[in-house]
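J.: As a plain string of letters, each chain reads:
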Amino acid sequence: MKLTKLSPKILTLLALALLVIIAPMFFPSSFYYRIGALIFINGLAVIGLVILVGYAGQISLGHAGFVGIGAYSCALAPEHLGISPVLAVFLGAFLSGLLAWLVGRPILRLRGHYLAVATLGFGILIYMVLSNEAQWTGGPDGMAVQATGLKALLKSMGFKVSASEMWYWIAAVVMMIGALIALNLHTSPTGRALRSLHDSEVAAGTVGVNVANYKLSAFVISAIYTSVSGSELALMNRFISPDVAGFLHSVELLTMTVLGGAATVFGAVIGAAILTSLPQVLTVLHDFEHIVLGLIMMLVMIFMREGLVPSLAKILRRRPK
Amino acid sequence: MTLLTVEDLSIEFGGLKAVDGVNFNVEAGKIVSVIGPNGAGKTTLFNMLSGLYTPSRGRVTLAGKDVTNQPPYKLARLGMSRTFQNLQIFLQMSVLENVMAGCHLTEGRHIVTDLLGLPASGRRTRQSMKDALGLLERIGLQSHATDEASGLSYGALKRLEIARALAVRPQLLLLDEPAAGCNAVETEEIDHLIAEIAAEGVAILLVEHDMKLVMKISDHVIVLDQGMKITEGLPTEVAQNPKVIEAYLGVKATEEVHNALG
Amino acid sequence: MSELLQFFFSGITVGAIYSLVALGFIIIYNSSGVVNFAQGEFVMLGGMSTVFLFNAGVPLAIAAVAAILITCLVGIALNKLAIEPAKGASVVTLIIITIGASIFIRGMAQLVFDKQFHRFPSFSGDDPFLIGGATILPQGVWMIAGAIAVFIGLFVFFTYSLTGKAVLATSNNKLAARLVGISTNMMMTLSFGLSAAIGALAGVLVTPITLTSYDVGIALALKGFAAAILGGMGSPFGALVGGILVGLIEAMTAGYISSEYKDAASFIVILAVLFVMPNGIFGRSTIDRV
Numbered sequence: 001m002k003l004t005k006l007s008p009k010i011l012t013l014l015a016l017a018l019l020v021i022i023a024p025m026f027f028p029s030s031f032y033y034r035i036g037a038l039i040f041i042n043g044l045a046v047i048g049l050v051i052l053v054g055y056a057g058q059i060s061l062g063h064a065g066f067v068g069i070g071a072y073s074c075a076l077a078p079e080h081l082g083i084s085p086v087l088a089v090f091l092g093a094f095l096s097g098l099l100a101w102l103v104g105r106p107i108l109r110l111r112g113h114y115l116a117v118a119t120l121g122f123g124i125l126i127y128m129v130l131s132n133e134a135q136w137t138g139g140p141d142g143m144a145v146q147a148t149g150l151k152a153l154l155k156s157m158g159f160k161v162s163a164s165e166m167w168y169w170i171a172a173v174v175m176m177i178g179a180l181i182a183l184n185l186h187t188s189p190t191g192r193a194l195r196s197l198h199d200s201e202v203a204a205g206t207v208g209v210n211v212a213n214y215k216l217s218a219f220v221i222s223a224i225y226t227s228v229s230g231s232e233l234a235l236m237n238r239f240i241s242p243d244v245a246g247f248l249h250s251v252e253l254l255t256m257t258v259l260g261g262a263a264t265v266f267g268a269v270i271g272a273a274i275l276t277s278l279p280q281v282l283t284v285l286h287d288f289e290h291i292v293l294g295l296i297m298m299l300v301m302i303f304m305r306e307g308l309v310p311s312l313a314k315i316l317r318r319r320p321k
Numbered sequence: 322m323t324l325l326t327v328e329d330l331s332i333e334f335g336g337l338k339a340v341d342g343v344n345f346n347v348e349a350g351k352i353v354s355v356i357g358p359n360g361a362g363k364t365t366l367f368n369m370l371s372g373l374y375t376p377s378r379g380r381v382t383l384a385g386k387d388v389t390n391q392p393p394y395k396l397a398r399l400g401m402s403r404t405f406q407n408l409q410i411f412l413q414m415s416v417l418e419n420v421m422a423g424c425h426l427t428e429g430r431h432i433v434t435d436l437l438g439l440p441a442s443g444r445r446t447r448q449s450m451k452d453a454l455g456l457l458e459r460i461g462l463q464s465h466a467t468d469e470a471s472g473l474s475y476g477a478l479k480r481l482e483i484a485r486a487l488a489v490r491p492q493l494l495l496l497d498e499p500a501a502g503c504n505a506v507e508t509e510e511i512d513h514l515i516a517e518i519a520a521e522g523v524a525i526l527l528v529e530h531d532m533k534l535v536m537k538i539s540d541h542v543i544v545l546d547q548g549m550k551i552t553e554g555l556p557t558e559v560a561q562n563p564k565v566i567e568a569y570l571g572v573k574a575t576e577e578v579h580n581a582l583g
Numbered sequence: 584m585s586e587l588l589q590f591f592f593s594g595i596t597v598g599a600i601y602s603l604v605a606l607g608f609i610i611i612y613n614s615s616g617v618v619n620f621a622q623g624e625f626v627m628l629g630g631m632s633t634v635f636l637f638n639a640g641v642p643l644a645i646a647a648v649a650a651i652l653i654t655c656l657v658g659i660a661l662n663k664l665a666i667e668p669a670k671g672a673s674v675v676t677l678i679i680i681t682i683g684a685s686i687f688i689r690g691m692a693q694l695v696f697d698k699q700f701h702r703f704p705s706f707s708g709d710d711p712f713l714i715g716g717a718t719i720l721p722q723g724v725w726m727i728a729g730a731i732a733v734f735i736g737l738f739v740f741f742t743y744s745l746t747g748k749a750v751l752a753t754s755n756n757k758l759a760a761r762l763v764g765i766s767t768n769m770m771m772t773l774s775f776g777l778s779a780a781i782g783a784l785a786g787v788l789v790t791p792i793t794l795t796s797y798d799v800g801i802a803l804a805l806k807g808f809a810a811a812i813l814g815g816m817g818s819p820f821g822a823l824v825g826g827i828l829v830g831l832i833e834a835m836t837a838g839y840i841s842s843e844y845k846d847a848a849s850f851i852v853i854l855a856v857l858f859v860m861p862n863g864i865f866g867r868s869t870i871d872r873v
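Protein chains in written order, with our numbering: chain F, 1 to 321; chain A, 322 to 583; chain P, 584 to 873.
Treat the hints with care, as some may be off.
Unchecked claim - Within a straight-line C-alpha distance of at most 20 angstroms, the following computed EDC-like cross-link-like pairs (lysine to aspartate or glutamate) qualify:
id	chain 1	residue 1	chain 2	residue 2
1	P	670	F	306
2	P	845	F	243
3	F	314	A	521
4	A	537	A	521
5	F	9	A	468
6	F	9	A	469
Just so you know, these hints were derived from the structure itself, not from any lab.
Quick caveat: nothing in here was measured; it's all calculated off a predicted structure.
Chain F extracted, bound-state conformation (with noise of 0.2 angstroms):
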């Protein structure tokens, strides 16, 4: 079979996948597992502002917030409702999708900086109530989060893996499941109405798409990736702090989300992996550090502005064969 007949869904699937399988193999010691969960930790959250930004043309400053909500909610709910932390990720995602959608429909009326400011102020306004209710998030410093005991039932079952191993084989997972879902949205009716919003607003209304609404979804279902991302930075960490829901941690996402290439699910993973790594690898530049992500983030987006991944794509095609 070709590869060219493949749909370019089944494509993307089966280049994550590969990439999720192999890497293990050129890993010298379990803290690249850890990175690479982080990467898939990131990249699912990165999947979820594709939708929002790549597939709707909307932009949020404030995604961060989510990642907060989700975070706080497997710190709080088992141990003030006694939920297990794993359920608690449902409730984060159901805590997350709800306050998108209340808050959603006066944001998303905006458009460009003004929306970028509005969601830029509701992401503030998550992160100070996380970082000044101490009493109940250990402000500033954060706080611990119980274990989830998959490990231990593991271990039961008589696997023995470190936990950055199981972390990446569930961060992989469950990336994977949330690339699938917004591969499934691209080529559906949903998915189409969502990108004529990103082209033309105006169009999209006189075919008949409910504009506010498509924008509300894309949000609520950005919020639910975002935060099920945050819940299992909480889980993996087994610590929290308000610094996940911050403003820089919104930019990083999406800067991830552009990086890569904004409408698509492949180039968002590679975006994800790039900045999480890159912090890895420039500790060695010590003072440099800033500099160097600074000068990568211009570059890039000066000279690759659709992003890593569709930009190398077309060099390679207009390459004669």
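Add chains A and P to chain F, keeping to what the hints say.
T.: Chains A and P alone, transformed into the frame defined by chain F:
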């Protein structure tokens, strides 16, 4: 049967009356053209009819229903669709997907089905694809179906917008300068297409500068000048109306024409 | 009553700085459509450069002027190296470029200067004025005067000078401006330089009170951006009012409700305003041309 009734429709932009007290009717299956010099308010009129601008006064009735101030997506459900003078193509989609996007209303809203990629989602997409391919064939773009829309020529994009508007299955189609920027051959094609659509019972409201096209295909012509309707009637009547000539050429030019004719 | 007056004074003092940052935002926005998230770094550069020149023995006034000029050059370089090459990019792309620039400038500042907090002496001493039972520092008066002076200066520049009108023309319609012979690139460079200089001036004015360090920029940028949006992006008067409003809301919240939520309060008000007025207080609504 009267499909569209426009009564006393008016809009102001910062004191400027862009459209002022316009009345007219459109019958099902008829081609009605709106003409007038630049700045007469034709596109503004269209934008009010299609729910993009909010009129400051007046009423629009579509198929017996008051639709004044209705948002565009509701108008689409009631059977109105349109094309744009400044093209509004979905540039990040393929040519086929652009038309498929027009099938939104027949596809319906089933978000969970689509997220999970259930068979029903694929069925709806395949149905839209079939419909869209049919429309592409009609406008002669079937061979470009999988191309990126951004790669099409201007004239092709104009036709693509018509196909997308037809995918909405409208009773009333608003065409804003469909032949602008098209060469003679392309204009001819659009001319045939419009006549065909009208023959199927779709009412067409047309803004167009190409007078030859207007005079040839219109059943009825409405003339706007400075936001007001100055006359309406059969193409032949309108063409000979001194008010119309004046609006296009100015009073002085009209006098000169008279003088020259002696 | 004196308590309220005290909060009012501290509100407009801080607000003056937000106004200056907001003015910097809209000068660049008007000429290029770019929201420059590195605007806060200009404030930081103004303060830090003055500190280091002053500590090296340069008289304060000269150090301040030199710092403003240095920042002005950084602003022009930012335009030439990062914004001009990205012409026509989307809003998201441009936001990321300027955030990248702000991270880069912060990294450079960390290297060239250091990671400590710094200040230099106030311009006119530290003996507060007593008005109606409330106090205001002389440096606070400098800050308010600075914001008003810049606003008036900009007003005169844009209303009466040919160059100012050319910048306005560029913001209204780039193509038309080019057709009448205005070099729009030149106007963008000018805007970045001017905006950077105003940011640096804010940094010079605020440092004696709030201190400065390499990372003060980002918070100021967010507040200034919020202030500019609150006022209605693009309106200089809106920026002035928006900045003062944000300052006042913060001071009142800190005074009467909770100092922890002072930052939250300004964003709540901004969200509330945008829900009612999607284009800010003085912004004009735009109509899609189709």
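J.: Are residue 537 of chain A and residue 521 of chain A close enough, with their CA atoms no more than 20 angstroms apart?
T.: 18 angstroms, holds
J.: Are the Cα atoms of residue 314 of chain F and residue 521 of chain A separated by 20 angstroms or less?
T.: 44 angstroms, violated
J.: Between residue 670 of chain P and residue 306 of chain F, does the CA-CA distance stay at or below 20 angstroms?
T.: 14 angstroms, holds
J.: Is residue 9 of chain F within 20 angstroms of residue 468 of chain A, Cα to Cα?
T.: Measuring from Cα to Cα gives roughly 18 angstroms; hence the hint holds.
J.: Would the pair residue 9 of chain F and residue 469 of chain A pass a check requiring their Cα atoms to be no farther apart than 20 angstroms?
T.: OK: residue 9 of chain F and residue 469 of chain A at ~18 angstroms, within 20 angstroms.
J.: Is residue 845 of chain P close enough to residue 243 of chain F, meaning Cα to Cα at most 20 angstroms?
T.: 18 angstroms, holds
The earlier numbered hint that this structure contradicts is number 3, and it is the only one.
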